[in-house]
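J.: These protein sequence lines map, in sequence, to chains D and G.
Read in order, the letters of the first sequence correspond to residues 1 to 323 in our numbering.
Read in order, the letters of the second sequence correspond to residues 324 to 854 in our numbering.
These are computed hints drawn from the structure, not numbers from a lab.
Do not take every clue at face value.
[To be verified] In silico PhoX-like links for lysine-lysine, alpha-carbon gap of 25 Å or less:
1) G:Lys373 <-> G:Lys609
2) G:Lys609 <-> G:Lys365
3) G:Lys365 <-> D:Lys313
4) G:Lys411 <-> G:Lys373
5) G:Lys543 <-> G:Lys370
6) G:Lys466 <-> G:Lys411
7) G:Lys609 <-> G:Lys659
8) G:Lys543 <-> G:Lys609
9) G:Lys593 <-> G:Lys543
10) D:Lys321 <-> G:Lys745
11) D:Lys321 <-> G:Lys373
12) G:Lys418 <-> D:Lys321
Note that this is a predicted model, so its numbers are computed, not measured.
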Amino acid sequence: MDFSDIILVLDSSVRLAVPLLFAALAGLYSERSGVVDIGLEGKLLGAAFAAAAAAAVTGSAWIGLGAGIVVSISMAMIHAFASVNMRGNQIISGVALNFLALGVTVVLAEAWFRRGGNTPNLSGDQRFGSIDLPFAAEAQANIPFVGEIYAQLISGHNILVYLAFLAVPITAYVMFHTRFGLRVRAVGENPTALDTAGMSVGWLRYQAIFVTGILCGAGGAYLSTAQGASFTDNMTAGRGFIALAALIFAKWRPWQAMFTCLLFGFLSAMQIRLQGVEFPLIGEVPVQAIQALPYILTVILLAGFVGRAIPPKSIGQPYVKER
Amino acid sequence: MSESTDTNGQRPDAAADRPQGREVAIELRGINKSFGPVRANKNIDLKVEKGTVHGIVGENGAGKSTLMSILYGFYTADSGEIFVNGQKVTITDSKHALELGIGMVHQHFMLVEPFTILENIILGAEDSAILETSIARARAELKRLAEDYSLTVDPDAVVGDVSVGQQQRVEILKALYRGADILILDEPTGVLTPAEADHLFRILEQLREQGKTIILITHKLREIMAITDNVSVMRQGEIVSTVRTADTSPDKLAEAMVGRHVLLRVEKDKANPGDIRLEVNNLTVKDDLGVPRVKDVSLTVRAGEIVGIAGVAGNGQSELLEAISGMREPVLGEIKISGNPVTFHGDDGAARLRRAGLAHVPEDRQRLGLVTAFEEWENSILGYQDDDRYGKGLQLDIKAAREEAVRRIEKFDIRPTNPRLKTANFSGGNQQKIVLAREMDRDLEVLIVGQPTRGVDIGAIEFIHNQIIAMRDEGKAILLVSVELDEIRSLSDRILVMFDGHIIAEVAEGEADERTLGLYMAGVNEPAAAE
């Protein structure tokens with residue numbers, strides 16, 4: 001593997017990390033506010049379908065993105081209603097939304113487009129195209145290494161990739177340097193403290209979950225209209241769950257979540273690259289075994305290396321006013 | 324000790340200095356509140372004068388907390404009127420109460436543990452969307468508050484890392500930061516050590532001097548006598564009397580609280596010690612961090628006597644109890660029950676000791692004594708569920724267990740009398756009775772009791788004390804650990820004082836005046852020499 005191969009793998013890691021990153025940051029808001037979100041997967045899938053469908057019909061990737069976000073927010077609000085107002089079990093609500101998305105997307109895709117549960121292939125303005133940053137070509141030609149990194153790794157992605165990575169410092173700032181972030185973190189630790197200070201626990205959780213909806217929507221749209229070129233049945237393939245694992249591995253912190261997502265992205269990139277490669281002594285490893293690698297690693301990381309991930313204290317518990 | 328007599332001595336003069344008929348900070352008229360069929364507050368009329376400390380006493384369940392929750396906007400009263408500084412108000416929520424200058428320090432602190440003290444203080448009262456700006460202002464304000472009221476805290480310390488006393492100061496600061504003029508403190512000393520409680524009282528005096536009004540809810544009469552100007556007694560949802568503290572006495576207050584005469588001092592006959600039942604030799608116990616907490620302790624408890632262990636909390640009493648009850652393996656030393664040494668290996672020490680005839684009422688009933696999510700009858704057999712009388716093999720004889728629970732409910736006057744009720748729904752005193760009933764109502768040789776009346780109201784304290792004395796008179800050996808010196812003094816036939824892991828003194832009943840014991844507890848070996 002030479003230098004440009006490494007750059008290619010890293011480039012591919014970044015692309016593969018983006019949906020994870022959107023979903024992990026999305027989960028961060030919800031979970032920091034004390035609401036477990038196992039429904040990230042469902043929201044990604046719902047948004048992926050809505051974005052692809054809307055882009056196919058209207059011809060605009062941006063309208064697709066909007067549709068994805070709207071669908072994701074709607075699903076998030078159902079989750080918020082179940083968790084906050086109905087004080088339901090948040091795991092059950094999340095799982096229900098996952099199943100709902102899995103079924104409804106295929107049924108609607110079949111009903112609307114008659115392509116075996118997929119949406120039509122998107123092209124041109126129906127997708128988010130790559131953006132070349134200024135002087136990319138010149139830098140690659142004139143500056144060794146750094147120029148290539150700039151041109152290949154940093155430049156040449158679509159807008160959603162940049163938005164995903166921009167969301168990291170924004171999230172870190174919002175969470176740790178604003179009033180809203182302080183309150184969200186507080187409501188996840190001790191909602192009674194907020195209630196007795198005269199604030200509404202439910203309203204804060206709704207706000208946090210709303211942000212979750214926006215970010216998941218962008219993640220879903222990325223899958224079908226930027227990384228891919230159509231919606232396919234179950235196209236998220238567990239990314240929502242991996243994002244949740246990354247979030248826990250990162251102990252609910254934004255920068256750490258980004259690095260974890262990049263790590264998972266890198267594993268996926270290696271997985272693609274290692275398919276069909278002859279290993280010394282072992283020979284060619286069956287493709288299924290290699291495809292399973294990121295998932296196996298998720299389990300190992302979570303079980304063995306995460307240390308004690310201390311979640312927000314009130315996570316998963318519906319808030320009931322005491323006495 | 325000398326300090327409390329000073330304050331008591333001053334009280335009548337101080338009260339006389341104050342003008343009569345001063346301004347009223349809070350007035351409640353005809354407040355009623357029901358929860359289903361339960362009338363928690365009945366026609367409450369209450370006036371709290373500005374610049375005073377007003378005590379509200381009453382047993383658990385008397386309606387004190389409900390009344391304060393109405394005042395703080397947690398609940399809305401079914402009927403009645405509230406006046407704050409002469410203005411009629413309708414308090415809709417906590418935010419509104421805060422705007423009216425009413426702040427509350429809850430019994431269980433409303434703090435976010437991973438946050439710093441500053442973050443906790445500004446939470447909900449941030450004056451800008453950007454945190455740094457709010458924090459800078461709060462830091463300056465906190466400095467001023469610290470100077471005005473000698474409420475010193477480290478603003479950047481993480482709340483979860485500081486002591487309970489400090490956490491309480493943060494709660495008070497939170498209320499003051501929001502501009503509270505009227506402070507409600509709900510059972511503020513329940514979680515404090517005696518030294519921390521003294522510190523709190525000094526802070527409260529300071530606040531009163533600065534013109535703040537304080538409502539102190541408690542069931543500890545000593546606190547009422549020490550700090551309050553006026554006191555209202557609540558019983559079964561009603562205020563039964565409001566008097567100047569200077570004009571009343573603990574006996575009168577206790578009687579008003581319970582509705583009958585209460586003996587604050589336990590009556591008991593002289594002990595008749597028999598054979599040695601519990602023998603502890605050269606016991607050394609380390610805590611979880613490997614720090615020795617009990618150092619070379621030897622003691623004996625005979626049949627028919629109560630041995631009390633006095634000491635400031637944290638001097639090894641807890642670890643000693645844990646070792647004797649089999650919860651913690653000692654590093655060195657031996658424990659004998661009725662002459663038979665108990666061996667420790669593995670985790671079944673507690674079960675083995677129980678089979679040997681030892682019963683244990685743990686210090687912390689909620690953490691060690693009960694599963695509060697269980698129904699009462701389940702807790703009534705917990706730890707003894709393998710006994711043959713509750714069924715054989717894998718089968719649990721639920722009927723037998725429930726019948727026994729019903730019998731114990733009657734015998735120990737546990738209320739409510741429903742064995743199917745979740746244990747969390749019993750009051751502290753009744754939870755303690757559930758533990759006591761389970762541990763005492765069986766064949767035993769040695770009873771170990773830790774903090775038997777912590778957080779328990781007066782009527783129940785009397786009952787529990789009488790039960791312990793009755794066990795003694797039946798010829799059981801009883802080891803009592805309590806941080807309440809009064810309790811140790813009134814129950815024990817012999818008192819051992821523990822300091823820094825050692826037993827540094829043994830005092831017989833009657834020879835123990837409060838001052839001498841206090842000096843021993845402070846680690847002075849020869850109180851006579853310290854004169």
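J.: Run through the hints listed earlier and report the numbers of any the structure violates, in increasing order.
T.: Numbers 1, 2, 3, 6, 8, 9 and 11, in rising order.
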